[in-house]
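Q: Chain B: place on chain A using the hints.
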Amino acid sequence: MAGAALRDQLSALLSSMFSQGLVDEQFEQLQMLQDEGGTPGFVAEVVTLFCDDAERIIAEIATLLEQPIVSFDKVDAFVHQLKGSSASVGAQKVKFTCMQFRQFCQEKSRDGCLMALAVVRNEFYDLRNKFQTMLQLEQQIQAYDHKQQ
Amino acid sequence: MMQGNIWAILDPQGLPESMTLVLRFQLQSPLTSSNLGGSFEQQYASPSCQIAGLKVLLIDDDDINLVIARKFLEKLGCVVSSLPSGSTSPNSVGASAASCQLVMVNLEMVRVNAFDVALRIRQSRSGRWPFVMAMTSEHNTWEKCAQSGINGVLKKPVILQELKDELVRILQST
Chain A
1 MAGAALRDQL
11 SALLSSMFSQ
21 GLVDEQFEQL
31 QMLQDEGGTP
41 GFVAEVVTLF
51 CDDAERIIAE
61 IATLLEQPIV
71 SFDKVDAFVH
81 QLKGSSASVG
91 AQKVKFTCMQ
101 FRQFCQEKSR
111 DGCLMALAVV
121 RNEFYDLRNK
131 FQTMLQLEQQ
141 IQAYDHKQQ
Chain B
1 MMQGNIWAIL
11 DPQGLPESMT
21 LVLRFQLQSP
31 LTSSNLGGSF
41 EQQYASPSCQ
51 IAGLKVLLID
61 DDDINLVIAR
71 KFLEKLGCVV
81 SSLPSGSTSP
91 NSVGASAASC
101 QLVMVNLEMV
111 RVNAFDVALR
121 IRQSRSGRWP
131 FVMAMTSEHN
141 TWEKCAQSGI
151 NGVLKKPVIL
161 QELKDELVRI
171 LQST
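Protein chains in written order, with UniProt numbering: chain A, 1 to 149; chain B, 1 to 174.
The hints are simulated quantities; they were obtained by calculation from the structure and are not laboratory data.
For glycine and all other residues, C-beta sits at the position ideal for the given N, C-alpha and C.
Any given hint could turn out to be false.
[Stated by the list, open to error] Some residues of chain B that are not near chain A, with every Cβ distance over 10 Å (derived): (1) K75; (2) V80; (3) S96; (4) S137.
[Unchecked claim] In silico lysine-lysine, DSS-like type, Cα no more than 27 Å apart, as pairs: (5) B:K55 x B:K155; (6) A:K74 x B:K156; (7) A:K74 x B:K144.
[What the hints assert, rightly or not] Derived, one-sided and incomplete: chain B residues facing chain A with beta-carbon distance under 8 Å: (8) V67; (9) I68; (10) K71; (11) L160.
Extracted from the complex, chain A is given alone in its bound form (with noise of 0.2 Å):
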């Protein structure tokens, strides 16, 4: 596929995450940190530590949540910090998913807590198909310029 179509279905699928909330300014300040310092790699680093991370953090609360009694503090834990993350990520779907998510632990629901689970699962699932998405887009366009060369 030609370089400029690979950038438009870039731009367009950005625009679109940005415009649904998916992700903030926040992902936009690490984005022009990359553009600006000619530093490829920076972004997809970030994204892919996020990614990693995220999974791993809903596997332990899933973990957690099945316990016969369980311990909201840990859970408490783990949300707060799966809200850091992607906070820092300029995440803002998970992030605001995970501040309600933490309402349920303080009120010690396992019930809104699951519910609460499947909400963040199925936000970070989406994001992460987009970032993935994202960073293949980003892979060939620059394989494709670097052909040019």
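A: Showing chain B alone in chain A's frame:
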């Protein structure tokens, strides 16, 4: 009225080593005697010059924070090093911190008490360096930070401009 606080940090003999006054308002650039009427731009060296080349040590157990903070600092021209996670024993921290001008520490580390680290750094330092800056997602930590000898506080997630502003403020405050 001014919503401030004042306390003294005591040295081993129990004598006041330094006094700290905390007031909650934005510090203005220092006025020099020669020029109240002149342009403030001429008063101090460009803040960016003070930041470029600054040696910074990052202490954090959060990979994402580390990567981002390092990127921001390098963008500002700093030379960044970080402790391998888990190696925050007094000796390794002291040695690494001694060769830096700024230590940035995450207050919400899991296995490490950031305030202890900050106190240790402050106690082992001689002279002006290093400054200590804390990163936190909690509000109202200013006083507790100042009591541990922390010179500046950044809210998480870290924003480049705020990092720069806080660096400038710390560097100009002595």
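Q: All the hints need checking, so say for each whether the structure fits it.
A: Each hint, compared with the structure:
1. K75: 6 Å, violated
2. V80: Holds, since 13 Å exceeds 10 Å.
3. S96: 23 Å, holds
4. S137: 6 Å, violated
5. B:K55 x B:K155: Within the cut-off at roughly 21 Å; holds.
6. A:K74 x B:K156: 21 Å, holds
7. A:K74 x B:K144: Measuring from Cα to Cα gives roughly 25 Å; hence the hint holds.
8. V67: 6 Å, holds
9. I68: Cβ of B:I68 sits 6 Å from chain A, so the hint holds.
10. K71: Because about 6 Å separates B:K71 from the closest Cβ in chain A, which is inside the 8 Å limit, the hint holds.
11. L160: 6 Å, holds
Violation of the numbered hints given earlier is confined to hints 1, 4; the remaining hints are satisfied by the structure.
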